[in-house]
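The listed protein sequences correspond, in order, to chains A and B. As numbered in the numbering used here, residues 1 to 196 make up the first sequence, in order. As numbered in the numbering used here, residues 1 to 196 make up the second sequence, in order.
Think of the hints as simulated: they come from the structure by calculation, not from any bench. Treat the hints with care, as some may be off.
Which copy is meant is left open, so a pair is good if it fits within one copy or across any two.
Claimed, not checked - Taking lysine-lysine pairs in the DSS-like style, the calculated list, with each CA pair at most 25 Å apart, reads:
#, residue 1, residue 2
1, Lys-75, Lys-88
2, Lys-95, Lys-122
3, Lys-159, Lys-122
4, Lys-22, Lys-95
5, Lys-159, Lys-15
6, Lys-50, Lys-38
7, Lys-15, Lys-75
8, Lys-88, Lys-22
9, Lys-159, Lys-41
2 protein chains.
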Amino acid sequence: MYPVSLQELIDEFNKLPGIGHKSAVRLAFHVMNMPEEKVQKFVNAINRAKTSVHLCSKCQNLTDKDVCDICASTKRDTNVICVMESPKDVTALEKTREYNGLYHVLHGAISPMDGIGPDDIKIKELISRLTPEVTEVIMATNPTVEGEATAMYIARLLKPMGITVTRIAHGIPVGGDIEYADEVTLTRAIEGRREI
Amino acid sequence: MYPVSLQELIDEFNKLPGIGHKSAVRLAFHVMNMPEEKVQKFVNAINRAKTSVHLCSKCQNLTDKDVCDICASTKRDTNVICVMESPKDVTALEKTREYNGLYHVLHGAISPMDGIGPDDIKIKELISRLTPEVTEVIMATNPTVEGEATAMYIARLLKPMGITVTRIAHGIPVGGDIEYADEVTLTRAIEGRREI
Chain A
1 MYPVSLQELI
11 DEFNKLPGIG
21 HKSAVRLAFH
31 VMNMPEEKVQ
41 KFVNAINRAK
51 TSVHLCSKCQ
61 NLTDKDVCDI
71 CASTKRDTNV
81 ICVMESPKDV
91 TALEKTREYN
101 GLYHVLHGAI
111 SPMDGIGPDD
121 IKIKELISRL
131 TPEVTEVIMA
141 TNPTVEGEAT
151 AMYIARLLKP
161 MGITVTRIAH
171 GIPVGGDIEY
181 ADEVTLTRAI
191 EGRREI
Chain B
1 MYPVSLQELI
11 DEFNKLPGIG
21 HKSAVRLAFH
31 VMNMPEEKVQ
41 KFVNAINRAK
51 TSVHLCSKCQ
61 NLTDKDVCDI
71 CASTKRDTNV
81 ICVMESPKDV
91 TALEKTREYN
101 GLYHVLHGAI
111 SPMDGIGPDD
121 IKIKELISRL
131 TPEVTEVIMA
141 TNPTVEGEAT
151 AMYIARLLKP
161 MGITVTRIAH
171 GIPVGGDIEY
181 ADEVTLTRAI
191 EGRREI
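Based on the provided sequences and hints, a complete structural model is requested.
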């Protein structure tokens, strides 16, 4: 019904995650109505991000430098490494401004169901970073079956090396309602209780 | 927090309609993880649609030819023109396969509140198409204040030219529930009642 090249653009938008047919049509029409220079700015942003962004050679987070800003900083505590599943998780923790150590991004979690084993995520790269300077590794993978399994797997690898391995606390979210908390979270909250 | 070029890509996605910050991050990460050739296919689709799609010189619908397929077809009834606000409306009506006349796309509706007057939409182009061959013009603008005003404005222009101007029927949608119909729709449904 639409001109071929417009239909192709709709199909391309439709392939993106979370973009259904109606959204794809709306986005394609929006692009058609955008001034030429804005479209080029959009296209250039895609190309530039695609060519310049790669993994930090140390922590495997996304960066456009060889070593990312956090790894290169002289103000960070190099004794602690926080292990996370994705770059988005790093951004979330950085926003709190409460953590001053280093990071390591695994880019996924061990998931035999999806055919993802320990060699498919950045565990080797973590091991090779563990100089005697590193005293603590915080496992901040997601509180999912896969995240827990990954945390356990790495903890077992690291403990014989004399490194303290810790796990982030699970419990009722701040502002959350105990009445509506699921049983697992509530159990964890009780287990993790602390004296006040 | 993200590398500059990645942040710029997130910002570009964020500018698109219906794409909030979280969706923009997800889309940018998806693009980062796409194979290079798929990204180029996406970028090429944008560029190709942008350069090849323009308005049909007759009906003002989107096309990649000089005259669109519908206007060029010898199988369409050239006595009737259905006037619609947008190319999406044409696609919706074409899907029914019930209408065999021509179209005219206004690209908007008269809306003094938004500073859109009769000269800002494709009314001149409609008038110039009205050869003696055209016997009926169907006003299929949206049943909104702007759509109604536009239909009335064009009807008043066309009637002195001896052309039958009709308006699409408003009423209860098929499968709709009378109990939940709004008052205006219900009033229109009663007004438009027909003998069975």
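Results of checking the hints against the structure:
1. Lys-75 x Lys-88: within (22 Å within a copy, 55 Å between copies)
2. Lys-95 x Lys-122: For Lys-95 and Lys-122, only the intra-copy Cα distance (23 Å) is at most 25 Å; the inter-copy one is 50 Å.
3. Lys-159 x Lys-122: within (18 Å within a copy, 73 Å between copies)
4. Lys-22 x Lys-95: Only across copies: Lys-22 and Lys-95 sit 15 Å apart there, 34 Å inside one copy, limit 25 Å.
5. Lys-159 x Lys-15: neither (44 Å within a copy, 47 Å between copies)
6. Lys-50 x Lys-38: both (18 Å within a copy, 11 Å between copies)
7. Lys-15 x Lys-75: The answer is neither: 42 Å in one copy and 35 Å across copies each exceed 25 Å.
8. Lys-88 x Lys-22: between (28 Å within a copy, 10 Å between copies)
9. Lys-159 x Lys-41: neither (49 Å within a copy, 47 Å between copies)
Checked against the numbered hints given earlier, the structure breaks hints 5, 7 and 9 and satisfies all the rest.
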